[in-house]
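Participant: Protein chains in written order, with this note's numbering: chain A, 20 to 434; chain B, 124 to 421.
There may be inaccurate statements among the hints.
Cross-link-like lysine to any residue pairs, in silico, SDA-like; alpha carbons within 20 angstroms at most [claimed, not checked]:
(1) A:266 / A:250
(2) A:289 / B:407
(3) B:248 / B:187
(4) B:248 / B:183
(5) B:248 / B:334
(6) A:289 / B:183
Pulled from the structure, derived: some chain B residues nowhere near chain A, Cβ distances all over 12 angstroms [said to hold, decoys possible]:
(7) 157
(8) 161
(9) 228
(10) 231
(11) 264
(12) 267
(13) 275
(14) 280
Derived list of chain A stretches under chain B, where covered just means 3 residues or more per stretch with a C-beta under 8 angstroms from a C-beta of chain B [stated by the list, open to error]:
(15) 152–160
(16) 205–211
(17) 215–222
(18) 289–302
Think of the hints as simulated: they come from the structure by calculation, not from any bench.
All residues carry an ideal CB built from backbone N, CA and C; glycine is no exception.
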Amino acid sequence: MSTTEQDPPASAGVPAETASETTAELTAALPPVPPETEAELTRELPPVTGYVEDFDLEDEPFRPSGAGWAVRGLVWALLAWVVFALPGNFLSPFELGVSDVSHASTAVIFAIIGLSLNVLIGYAGTISLGHQAFVGLGAFASAYLVVDLGMEFWLALPLAALFGGVQAAALGAVSLRLTGLYFALVTLAYGTFAEQTLFGITALTGGDAGKEVTRPLGFESDFTFYYLCVAFLAVVLWIDWRLMRTKGGRALQALRENPRVASSYGIDVKAYTLLAFATSGVFAGIGGALLAQNTTLIVPQTFNFELALIFVLMTVVGGLRNRVGVVLGSMLFALMEEGTLVEILHIEGLLRDTIGLPAEFFGLVVGPILLLLTITLYPGGIGQQVAPISQWLRGGRFDRHAGKVTEVEVTDVRA
Amino acid sequence: MISELGIAVVNGVFRGSVYALVALGIVLIYRASGVFNFAQTEFGTTGLFAAFAAREFWGWPYLLAILFGLAVAVAMGLATERLVIHPLRNSSRVTLLVGTAGVALAAIGIQFWRNNEIPIREMPKIVDGVAFAPFGAAVTWQHLITFGVLVAVAIGLAIFFRSPSGLAIQAAQQEPTAAELVGVSVRRVSMMTWGIAAFLGGLAGVLSGPNLTFTAGFLTFAGGASLLPGFMAAVLGGMRSMPGALAGGLVVGIIQQLGSLSVFGGMSGGGAMMLFMFLLVVLLLRPQGLFVRKAVAA
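Build the full structure now, drawing on both the sequences and the hints.
Facilitator: As structure tokens, then:
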């Protein structure tokens, strides 16, 4: 296991790292220790602390100038415009059609799914090759509740999320006995089992013909539904962020690095692994329910092994344990899947003429290449690429080397 | 009932011989690189497509087309080793797994792309027709040939691993540093292992291809159709034993076939359910494999 030998990994909680960095800087910047006579010490001490405080104020928080804040504010406003106004055709020079907005919703839902998988691969360190089953269960559960039982969407979605959490925790309970590689195999078998057997139960899923789903009241239009998806993405991001700030999140980080050491510090490995699985399942359930609502017709064949591979790809390419990266990576792959990216860039003609690649296969061909580049050359993924920008946006300096990661850290839990 | 069981067992054995070929490749690579190779069946699919193109588009003779398909599969295996496995040799094993899954998806993507226009493909059988029919289960010549190739491969591998090259491979797998010290090039051995494994995958592909009559089967040869059973066969053998993988392949084939018994009332995906349950039971009760006496480190 290569990760155990590394010095504190770049990921081990941002605050801890910045703190240690600043202390290192402080000691380096301190004047050489004066000769130790008691009189001198008592005389010198107050100024030294004073100096440290000054130094702290002066150097540590970089504050952009007024103009700097203005530029950042402008970029934030632009981002907000892209997220909120552009798909709704407010204040927008473009006239987006219904299908474009539906693609945007898919991208947002994929971001939720990416975050769900990030909990498993990034935080818990177990790989899931059956995530399409997690998502599909959420989709079919909410569809069944809404269509067959006539339940309100607002009740069906939490139930679908709960259902997703329970099935994920059940699978996680199995994984407690297995090492990373074998667990990957179990998830693969589970995915195939769900795709062919569970989703094939005609009474529940409508079989091969699929199932029609109706959208909740007030969100029937693609435009309004998009905002619903964005709201759920915000909720998921918030839960994810809070989770990683709590004891549970830190425990997960510790047991990913080394379960044995973690358990010797009194961390309940089983309980926290199950927590990670349940969280991931809940996110996937939400994503699945929204996906069902978005496409309005779900068929079992959608949730195949390829989709599971694409989920893994988008999470790893996005950059494990980097929320911004995972969200961006998932959206990128969602758009590539639908062929929208090719349309946006107006390169369909170019692709077809030069290498004969139809737009709908762009993602399938380009995605794996991105993945291989990520794990061999840029282990931080998209998160690493955008780290300088996101740091700058938060009022930091523009540092080209921000967010550097040396290896895609997926460890074999208990391997 | 008896004849139904008989049909399931006979079909299962022939289905299983393809899984056994896949499993042998998986075990070889696991012993050499410590990675679960998710691209193993893609070697087969790629080889199958190459053979198909050579046979149907370019009009090559059947034997030549098959050889071409195998060569393409081996080339793909070697390229995977050089471009993905070697650069990642110091990463964690799950990272490697993600890498091979990426190779698999790339292959699937390219296959979809290249075969977008003609969705239905059919590879002719080597020898057409039914050889005999025990319990009423039609055993085609293609099935028999596949089984024969499996036996030949098993004997060939057994002999190969007693030859100097085979011993070098085994030495390098058990103790890379010591093997390097006595003059075995671990790098070359790794290439050789991937080459052999890709060859086995290619064999599985070109032999099972003619049994799949349309492209949906062609394209999903990797996805669920034989990757998962191949892995299960390898797990049954404890991931390290080649005879275990071989027996495992046959067992998995039969188990999967049992899922289609009339007991399950013609429910869809019975085979997948049987496989999932079986895998769970095996991994939870005997994680060291069914056909292995002593426990091996995972």
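Participant: For the stretch 215–222 of chain A, does the count of residues with a C-beta closer than 8 angstroms to a C-beta of chain B reach 3?
Facilitator: Since 5 is at least three, the answer is holds.
Participant: Does the alpha-carbon distance linking residue 289 (chain A) and residue 183 (chain B) stay inside the 20 angstroms limit?
Facilitator: Cα-Cα ~59 angstroms, so violated.
Participant: Evaluate the condition: distance from the CB of residue 280 (chain B) to the nearest CB of chain A exceeds 12 angstroms.
Facilitator: 23 angstroms, holds
Participant: Keeping to a limit of 20 angstroms between CA atoms, is the pair of residue 266 (chain A) and residue 250 (chain A) held or broken?
Facilitator: 26 angstroms, violated
Participant: Does the structure keep residue 289 (chain A) and residue 407 (chain B) at a Cα separation of 20 angstroms or less?
Facilitator: Status holds; Cα separation ~16 angstroms.
Participant: The output says residue 161 (chain B) does not contact chain A. Does that hold with a beta carbon cutoff of 12 angstroms?
Facilitator: With a cut-off of 12 angstroms, residue 161 (chain B) comes too close to chain A, as the shortest Cβ separation is near 8 angstroms.
Participant: Per the stated criterion, does the least C-beta distance between residue 228 (chain B) and chain A lie above 12 angstroms, as a non-interface residue requires?
Facilitator: Its Cβ does come within 12 angstroms of chain A, the nearest being 5 angstroms, so this is violated.
Participant: Checking C-beta pairs, does the stretch 152–160 of chain A have three or more residues closer than 8 angstroms to chain B?
Facilitator: violated (count 0)
Participant: Is it correct that the beta-carbon of residue 267 (chain B) has no partner in chain A closer than or equal to 12 angstroms?
Facilitator: 28 angstroms, holds
Participant: Mind verifying the non-interface call on residue 157 (chain B)? Its CB should be farther than 12 angstroms from each CB in chain A.
Facilitator: 9 angstroms, violated
Participant: Does the no-contact call for residue 275 (chain B) survive, Cβ to all of chain A over 12 angstroms?
Facilitator: Label holds. Min Cβ-Cβ 29 angstroms, cutoff 12 angstroms.
Participant: Does the structure keep residue 248 (chain B) and residue 183 (chain B) at a Cα separation of 20 angstroms or less?
Facilitator: The given pair, whose Cα atoms are some 15 angstroms apart, holds under the 20 angstroms limit.
Checked against the numbered hints given earlier, the structure breaks hints 1, 6, 7, 8, 9, 10, 15, 18 and satisfies all the rest.
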